[in-house]
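Colleague: Assemble the complex: chain W is given as a structure, and chain R must be docked to it using the hints.
So the protein sequences, as listed, match chains W and R.
With the numbering used here, the residue at position 86 of the first sequence is 86, and numbering never jumps.
With the numbering used here, the residue at position 119 of the second sequence is 119, and numbering never jumps.
Read the hints as simulated data drawn from the structure, not as lab findings.
The reader is advised that the hints may include incorrect statements.
[What the hints assert, rightly or not] Capping the alpha-carbon separation at 25 Å, the derived lysine to aspartate or glutamate pairs in DMTMM-like fashion look like this: (1) Lys-162/R with Asp-177/R; (2) Lys-124/W with Glu-22/R; (3) Lys-162/R with Glu-135/W.
[Claimed, not checked] A partial selection of chain W residues facing chain R, derived with a Cβ cut-off under 8 Å: (4) Ile-37; (5) Cys-108; (6) Pro-149.
Every value quoted in this text rests on a predicted model; they were computed, and no experiment measured them.
Glycine included, each C-beta is placed from N, C-alpha and C at the ideal position.
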Amino acid sequence: MSDHDHHPDEPAIRAEALEHLLVEQGLLDPADVDTVIATFNERIGPMNGARVVARAWCDPGFRERLLADATAAVAELGIDSGPGGQMEKLVVVENTDSIHNVVVCSLCSCYPWAVLGLPPRWYKSPAYRSRIVREPRSVLAEFGTSLNPYTEIRVWDSSAEVRYLVLPQRPLGTNDLTEAQLAELVTRDAMIGVERAGAIES
Amino acid sequence: MDGIHDVGGMHGFGPIEREADEPAFHERWEAAVFAMLMAVGRAGATGNADRFRHAIERIDPVAYLSHGYYGRWLGGLETLLIEAGIIEQSDLSARARSLGARSDARIAARPAADPDRVPAAARADNRRALDNPPRFATGDPVRTSTAVKPGHTRLPRYARGKCGRVVCCHDGWVYPDSHAHGDGEQPNHLYTVAFTGTELWGADADPNLRVQLDLFEPYLELSDV
Numbered sequence: 001m002s003d004h005d006h007h008p009d010e011p012a013i014r015a016e017a018l019e020h021l022l023v024e025q026g027l028l029d030p031a032d033v034d035t036v037i038a039t040f041n042e043r044i045g046p047m048n049g050a051r052v053v054a055r056a057w058c059d060p061g062f063r064e065r066l067l068a069d070a071t072a073a074v075a076e077l078g079i080d081s082g083p084g085g086q087m088e089k090l091v092v093v094e095n096t097d098s099i100h101n102v103v104v105c106s107l108c109s110c111y112p113w114a115v116l117g118l119p120p121r122w123y124k125s126p127a128y129r130s131r132i133v134r135e136p137r138s139v140l141a142e143f144g145t146s147l148n149p150y151t152e153i154r155v156w157d158s159s160a161e162v163r164y165l166v167l168p169q170r171p172l173g174t175n176d177l178t179e180a181q182l183a184e185l186v187t188r189d190a191m192i193g194v195e196r197a198g199a200i201e202s
Numbered sequence: 001m002d003g004i005h006d007v008g009g010m011h012g013f014g015p016i017e018r019e020a021d022e023p024a025f026h027e028r029w030e031a032a033v034f035a036m037l038m039a040v041g042r043a044g045a046t047g048n049a050d051r052f053r054h055a056i057e058r059i060d061p062v063a064y065l066s067h068g069y070y071g072r073w074l075g076g077l078e079t080l081l082i083e084a085g086i087i088e089q090s091d092l093s094a095r096a097r098s099l100g101a102r103s104d105a106r107i108a109a110r111p112a113a114d115p116d117r118v119p120a121a122a123r124a125d126n127r128r129a130l131d132n133p134p135r136f137a138t139g140d141p142v143r144t145s146t147a148v149k150p151g152h153t154r155l156p157r158y159a160r161g162k163c164g165r166v167v168c169c170h171d172g173w174v175y176p177d178s179h180a181h182g183d184g185e186q187p188n189h190l191y192t193v194a195f196t197g198t199e200l201w202g203a204d205a206d207p208n209l210r211v212q213l214d215l216f217e218p219y220l221e222l223s224d225v
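Chain W extracted, bound-state conformation (with noise of 0.2 Å):
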């Protein structure tokens, strides 16, 4: 898209001129910026959504409840999920040998900000947000995961207040890692569902 109509710094500019005037009628504390920075570099990110799968991947009993009400489940690893983070109501979808999950919000940038912090830029994107509801398969191929034709491949299109959060496969060959190194192992964007747990280089 042509951005011959407005400058590339107009949003930076306007936003600093919007930011100097709800600072002057005192709606704003200039501070509240650098919580914000704070809280999503270093509090609220894709490290709480590790937490709970390589919860899942070794206590089958915390992985019921979370495929059963992940909401409650969640909120036993002590990970708010109020309104503030984005998630009212958690459900996550487990994948199985048959089954390849994928999240998007095709209308605007739904996300489960209490578990996965703030999207990538490419989760709202046009591209990603037009084609993961159609051509989902190429899309992920993109990614690097490779799905046999046979898999199903479930989109999940948050359109309500609902957020949708990937259970990944657990990697082949873990069995003697713990659950914080198992953690490590659970990315962003398998938790999205556009690529699989990391697997174990071999």
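Modeller: For chain R alone, kept in the frame of chain W given last:
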């Protein structure tokens, strides 16, 4: 509304561009937009998330595609603040010019001919207990509406007039189609409905594709298949 935001199934946006080790925010102004939206939300100044989403949908289509996610948020936020009378468009433009903006080009949505009422501050949660039982049960075949209103809705264009099957009932939730426009919460039952790829995209579609959408009861009728 048939808007530029409703991109599901469209062709022509090209490859998906990924970035290694992407930061939460690429630039400070993006975090500032995030913080501003949360702050005015806490202050109850601008309504609710449905109204915000609709403000983004009203952004000029060229600007919608040009400015990225936080640019769109900024546009939606400007619209809400101006429509609520909290800031004046002229003050914002003057301030932007003083900071070096080269034009008055708006990211904000075009003003509505018949502006919505600014709703009362929303509750933070959207689930509502309903007295009326759900019309549909898991397994029911349903067909989606083909009606198109000019306002906010969460039934994407690609799933209009399509047959699917209810796979989950989520009880009552605030109805975005009314909540975005200051017409109250009008809570409705919400369902996850599964559609086959061939139902959505025709006979040549991937035979092993299933697309699930979360759809409100007014979008659905029982179908006979």
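Colleague: Against each hint, give a clear statement of whether it holds in the structure.
Modeller: Structure-based check of each hint:
no.	hint	in the structure
1	Lys-162/R with Asp-177/R	20 Å, holds
2	Lys-124/W with Glu-22/R	13 Å, holds
3	Lys-162/R with Glu-135/W	18 Å, holds
4	Ile-37	5 Å, holds
5	Cys-108	6 Å, holds
6	Pro-149	7 Å, holds
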